[in-house]
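S.K.: Here our numbering is used: the first residue of the first sequence is 9, the next is one more, and so on.
No lab work stands behind these hints: they were computed from the structure.
It is possible that part of the hints are untrue.
Pair by pair, the computed Cβ-Cβ distance ranges are [as the list claims (entries may be wrong)]: (1) Pro-183 - Ala-69: 18 to 24 angstroms; (2) Thr-91 - Arg-27: 22 to 28 angstroms; (3) Ala-69 - Asn-134: 45 to 51 angstroms; (4) Leu-41 - Asp-161: 14 to 20 angstroms; (5) Tyr-92 - Ala-194: 16 to 22 angstroms; (6) His-95 - Pro-133: 19 to 25 angstroms; (7) Pro-183 - Arg-18: 27 to 33 angstroms; (8) Pro-74 - Asn-134: 39 to 45 angstroms; (9) Arg-46 - Pro-174: 18 to 24 angstroms; (10) Asp-19 - Asn-134: 41 to 47 angstroms; (11) Arg-18 - Thr-119: 22 to 28 angstroms; (12) Ala-123 - Asp-154: 18 to 24 angstroms; (13) Arg-75 - Pro-203: 29 to 35 angstroms.
In this text, a Cβ means the ideal position worked out from N, Cα and C, and glycines have one as well.
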Amino acid sequence: MIARDSRLGRDFFAVSAVRLARRLLGQRLVRVLPGGQRLAGIIVETEAYVGTRDRASHAFAGRRTPRNESMFGPAGLAYVYFTYGMHHCFNVVGAREGVPEAVLVRALEPTEGLASMRRRRRLAPNAATHAVCSGPAKLCQALGIDRAQDGVDLCASTVLWIEPAPPIRRAVRTPRIGIAFAGEWAGKPLRFLVPGSFHVSPGGRRGMLPGVSPRA
DNA sequence: ATTTAGATCCTCT
DNA sequence: GAGGATCTAAATG
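Construct the complete structure from the given sequences, taking the supplied hints into account.
M.R.: Okay, here's the thing in structure tokens:
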């Protein structure tokens, strides 16, 4: 049993984006809402954005702007950006200060506050559990994460942090999603998935366990 | 199961 | 002014 107030510290995050993406699988993302309610889910899908030479990264070519400033901060910061006119996405910053490596958290298996998440997602109360957090913008909506959490220190925050949980032994790797524009970087296997999880984003559910259908 | 269009607005050129 | 680390509903095979 892990103490409820234990959380991952700086050392856990201060590694390359690839290592961080890999080791975040299985860990528990915790969000405390303004009203005090606690929501949580196990991370089952991530993507590594590996720095200034990664064409798909917001920090490509060392581009440093007000939007991506958090990527250049110390390991353990949250980087939350807004896109497509309506969606937020949550990243965990890795490496070290000045080195813009980050990991996009793409899917969670909800473990606490499921009804609350469904409401925030405007899903029917009986909607499939794997529809709640199976995508980077979905999980932000479910957990109430937006630009107000950009730059938050996951090692110190009282509203957003990550708790240790059993690591995933073997991860599945595939190319990243939605970055066809990135040339040779589009094909690199920088997306990490928990094998067999039905809570990953739709593209990752195929070809897993034959004969098993996705049900809550 | 897979494909398509449309929503919608912030960020940077 | 262009385009995006997305999602949903609707249409199609």
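S.K.: None of the hints should be skipped; say for each whether it holds.
M.R.: Results of checking the hints against the structure:
1. Pro-183 - Ala-69: 18 to 24 angstroms: 21 angstroms, holds
2. Thr-91 - Arg-27: 22 to 28 angstroms: Holds: the Cβ-Cβ distance is about 26 angstroms, inside 22 to 28 angstroms.
3. Ala-69 - Asn-134: 45 to 51 angstroms: Given about 47 angstroms between the Cβ atoms, the range holds.
4. Leu-41 - Asp-161: 14 to 20 angstroms: Given range 14 to 20 angstroms: holds, Cβ gap about 18 angstroms.
5. Tyr-92 - Ala-194: 16 to 22 angstroms: Cβ of Tyr-92 to Cβ of Ala-194: about 19 angstroms, so the range 16 to 22 angstroms holds.
6. His-95 - Pro-133: 19 to 25 angstroms: 23 angstroms Cβ-Cβ, so the 19 to 25 angstroms window holds.
7. Pro-183 - Arg-18: 27 to 33 angstroms: 30 angstroms, holds
8. Pro-74 - Asn-134: 39 to 45 angstroms: Taking Cβ atoms as reference, Pro-74 and Asn-134 lie about 42 angstroms apart, which means the hint holds.
9. Arg-46 - Pro-174: 18 to 24 angstroms: Taking Cβ atoms as reference, Arg-46 and Pro-174 lie about 20 angstroms apart, which means the hint holds.
10. Asp-19 - Asn-134: 41 to 47 angstroms: 42 angstroms, holds
11. Arg-18 - Thr-119: 22 to 28 angstroms: Between Arg-18 and Thr-119, where Cβ atoms are some 24 angstroms apart, the hint holds.
12. Ala-123 - Asp-154: 18 to 24 angstroms: Check passed, 21 angstroms falls within 18 to 24 angstroms.
13. Arg-75 - Pro-203: 29 to 35 angstroms: 34 angstroms, holds
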